[in-house]
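> If you're matching positions, the sequence shown starts at 0 in numbering that gives the first Met the number 0 and goes up one per residue.
Be aware that one or more of the hints could be misleading.
[Claimed, not checked] Label-pair restraints from in silico Cβ distances:
{"id": "1", "residue 1": "Met0", "residue 2": "Ser84", "range": "12 to 20 Å"}
{"id": "2", "residue 1": "Lys62", "residue 2": "His36", "range": "17 to 25 Å"}
{"id": "3", "residue 1": "Arg94", "residue 2": "Arg24", "range": "30 to 38 Å"}
{"id": "4", "residue 1": "Asp71", "residue 2": "Gln51", "range": "22 to 30 Å"}
{"id": "5", "residue 1": "Asn25", "residue 2": "Glu86", "range": "28 to 36 Å"}
{"id": "6", "residue 1": "Ser76", "residue 2": "Arg10", "range": "17 to 25 Å"}
{"id": "7", "residue 1": "Asn25", "residue 2": "Asn91", "range": "32 to 40 Å"}
{"id": "8", "residue 1": "Gln18", "residue 2": "Lys58", "range": "18 to 26 Å"}
{"id": "9", "residue 1": "Glu93", "residue 2": "Asp71", "range": "18 to 26 Å"}
{"id": "10", "residue 1": "Asn27", "residue 2": "Asn91", "range": "29 to 37 Å"}
{"id": "11", "residue 1": "Arg24", "residue 2": "Glu90", "range": "30 to 38 Å"}
{"id": "12", "residue 1": "Arg81", "residue 2": "Ile37", "range": "14 to 22 Å"}
{"id": "13", "residue 1": "Arg24", "residue 2": "Tyr1", "range": "18 to 26 Å"}
Please keep in mind that the hints were generated in silico from the structure rather than gathered at the bench. Owing to the predicted nature of the structure, the values given are computational and were not obtained by experimental measurement. Built from N, CA and C at the ideal position, the CB exists for glycine as well.
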Amino acid sequence: MYPKFIVNENRLIIGMAFQHRMLARNHNSTLGGGWWHIDEATQRIWLYASSQVFGPVKKEILKEIIAKGNHDYPGYSFYFSRESSLEAAMENSERL
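Please construct the entire structure, taking both the sequences and the accompanying hints into account.
As structure tokens, this is what we get:
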């Protein structure tokens, strides 16, 4: 299982899955996905890379979803990067 996320039904869904499509049943509203990393000590979440099936999520969409609280991580700070590796994403990300 891998740390993957998607945006589905105007909500950020974060979970462990072999494939992004496993994170939701109906994908009529899936707007992309990628990988995630959580640092529990600092309450930071990095969203990075993209889904091979659904493609990347637009940064503006993620900003809106996080601002509305449409996720399961209240109190966490979110960071976004298009980098494909976690190390690069952590070095080259912007706060959402």
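> It remains to establish, for every hint, whether it holds in the given structure.
Going down the list of hints, with the structure as the test:
One distance hint, 12 to 20 Å for the beta-carbon pair Met0 and Ser84, holds here, with the actual separation near 19 Å. Between Lys62 and His36 the C-beta distance comes to about 19 Å, which sits within the given range of 17 to 25 Å. For Arg94 and Arg24, the hinted distance range of 30 to 38 Å is satisfied, since their beta carbons lie about 31 Å from each other. Here the CB-CB span from Asp71 to Gln51 is close to 24 Å, well matched to the stated 22 to 30 Å.
Checking the proposed 28 to 36 Å range against Asn25 and Glu86 shows it holds: the Cβ atoms sit about 34 Å from each other. The beta-carbon spacing between Ser76 and Arg10, approximately 18 Å, falls within the hinted interval of 17 to 25 Å. For Asn25 paired with Asn91, a C-beta distance near 34 Å keeps the hint of 32 to 40 Å intact. Checked against the hint of 18 to 26 Å, the C-beta distance between Gln18 and Lys58 comes to roughly 23 Å, which is consistent with it.
Taken as a hint, the range 18 to 26 Å holds for the pair Glu93 and Asp71, whose Cβ atoms sit roughly 22 Å apart. Separated by about 33 Å at the C-beta atoms, Asn27 and Asn91 satisfy the suggested range of 29 to 37 Å. Judged by the Cβ atoms, the range 30 to 38 Å given for Arg24 and Glu90 holds: they are separated by roughly 36 Å. Against the hinted window of 14 to 22 Å, the Cβ-Cβ separation of Arg81 and Ile37 comes to about 19 Å, which satisfies the hint.
Taking the beta carbon of each, Arg24 and Tyr1 are about 19 Å apart, inside 18 to 26 Å as hinted.
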